[in-house]
Amino acid sequence: MLDGLVIENLTRPGLHPTSLRVGKGKCVVIHGPSGSGKSLFLRAVADLDPNNGHIALNGETRAMMSAPEWRKKAAYLQPESAWWHDIVGAHFTHLPAAKTLAEAFGLYEPIFDWPTSRLSTGERQRLSLAMVLASKPPLLLLDEPTSALDPENTKAVELELQKQLAGGSIILMATHDRAQMYRMASDSLTFCSGKSTMEKL
Amino acid sequence: MSTETIFLTYTDLAIAASLLLVNAILSLCFGLGLEKRLLIAAARMIAQFALIGLVLVWLFNNVSLLFTGLAAAIMIIFAGRESVARQDRRFVGWWSLGIGVSSMALAGILVTIFALAQMRPDPWYHPQYAIPLLGLILGNAMNGVSLGLNNLTNGAAQGKLAIETRLCLGQSREEALRPIVREALRTAMLPIINSMAAAGIVFLPGMMTGQILAGVDPEEAVKYQLLIMFMVGGGTAFGSLCAILGGARLLSDSRHRLRLDRLQTFKSE
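These protein sequence lines are chains G and H, in that order. Using this note's numbering, the first residue of the first sequence is number 1, and each one after it goes up by one. Using this note's numbering, the first residue of the second sequence is number 1001, and each one after it goes up by one.
This is chain G alone, in the form it adopts within the complex:
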């Protein structure tokens, strides 16, 4: 299988060997109680922590790429957002694309000129997602991307994510929201103390 995501025997401390195949345009939802290994798994895929295992995306092996190259393709959205410049817009390298995405999430133009400290938690979360999506990565690793959002904004984000899926992106998404799981994914990966089981939804 050339297209899609192949994960074989991915391990790291706290994670039992995990294997997974996801086709292009598919979303797999990752769920399980807090501390069960969802974030450990996503961080290992993004190669943010030391890990072992084979991963390939659309025929390209992770080990053959430098880590920054890989992370541009396999973009991990952390559960908490971080802001290191004083002004919101300074964080964005793909500003026009990010502005279009932000508008889809109900955030309009002057927000990019705001001081970072003015952003609410929900605004931060949506802007972080816009930052990740703006570079059009083929694999999205989303760690609870809508945890701070109201139902309306959650819907706007899901709509955008479905658009990404239709464009051929692959999404692995950790969530606590069961309804969201059924809305977004065809398969789920359930974690329990570092062990995972794959289910059809």
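It should be emphasised that the hints constitute simulated quantities derived from the structure, not laboratory data. Fair warning: this is a prediction, and the values are worked out from it, not measured in the lab. Ideal Cβ positions, reconstructed from N, Cα and C, are used throughout, including at glycine. A hint or two may mislead.
As the list claims (entries may be wrong) - Derived DSBU-like pairs: lysine-lysine, alpha-carbon spacing no greater than 30 Å straight-line:
| no. | chain 1 | residue 1 | chain 2 | residue 2 |
| --- | --- | --- | --- | --- |
| 1 | G | 73 | G | 26 |
| 2 | G | 99 | G | 155 |
| 3 | G | 99 | G | 73 |
| 4 | G | 99 | G | 136 |
| 5 | H | 1160 | G | 136 |
| 6 | H | 1160 | G | 72 |
| 7 | G | 99 | G | 200 |
| 8 | G | 73 | H | 1223 |
| 9 | G | 195 | G | 73 |
| 10 | G | 99 | G | 195 |
| 11 | G | 136 | G | 24 |
| 12 | G | 99 | G | 72 |
| 13 | H | 1036 | G | 195 |
| 14 | G | 155 | G | 136 |
| 15 | G | 99 | H | 1223 |
Claimed, not checked - Stretch-level coverage of chain G by chain H, calculated; a stretch enters the list once three of its residues show a Cβ under 8 Å from a Cβ in chain H:
| no. | segment |
| --- | --- |
| 16 | 43 to 49 |
| 17 | 71 to 81 |
| 18 | 124 to 135 |
Chain H: place on chain G using the hints.
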């Protein structure tokens, strides 16, 4: 210009030492918890000075490259150990000492040889020149390294989220760590920049004060002090650069991950 030296008695020193005791009492009153450290450091200083007096006399009577080199090596190892001894978050295993000693060695050896090339003592390794110079450079570089490393490791631990977010966006470890590296270098260099800016107006540096008190012509003392300040500035810059860039390297790995697992956990006292 009188070149007479006024000799100090041990009673004079004891009276001066009472100032430190006042500090210790103040620390006790305000619950700063510094009194123990202060007194231990003072006791160590007295013992070390007494010892170095004896060692220097012996070294001056036995001028040899081997003995000078041996003394220098011991000084470098101690400076390296001291520069990482009071960090909030130390590197695990031998890395901590390794960073301290290698940055001290780089700063000390490079700058001392440079200074000796200016002063041309005969023989070039004569301990009367090499040992005090190395000591001055190490003493200052140690401060820079210790402040800079502390700032770097705290910056990495506290800025984990921002650093990893930048890594996730495909930035290299150099890019992601650049802000904390810059901040650490600034912190390391700030004291020496301050003292260069204020030297001569706000205070006379310790060495110059000592030389003038010991009866040396102020013009000669100024020339020596300038040489020393350049050496000290250069030594601090080399030492902190080596320690901070090395530290940043250790805080990340070849797959551009942030490796806080290479730091010991924060110990507050």
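We went through each hint and held it up to the structure:
| no. | hint | in the structure |
| --- | --- | --- |
| 1 | G:73 to G:26 | holds (16 Å) |
| 2 | G:99 to G:155 | holds (18 Å) |
| 3 | G:99 to G:73 | holds (21 Å) |
| 4 | G:99 to G:136 | holds (14 Å) |
| 5 | H:1160 to G:136 | holds (25 Å) |
| 6 | H:1160 to G:72 | holds (19 Å) |
| 7 | G:99 to G:200 | violated (36 Å) |
| 8 | G:73 to H:1223 | violated (60 Å) |
| 9 | G:195 to G:73 | holds (26 Å) |
| 10 | G:99 to G:195 | violated (39 Å) |
| 11 | G:136 to G:24 | holds (14 Å) |
| 12 | G:99 to G:72 | holds (19 Å) |
| 13 | H:1036 to G:195 | violated (50 Å) |
| 14 | G:155 to G:136 | holds (20 Å) |
| 15 | G:99 to H:1223 | violated (61 Å) |
| 16 | 43 to 49 | holds (count 4) |
| 17 | 71 to 81 | holds (count 8) |
| 18 | 124 to 135 | holds (count 4) |
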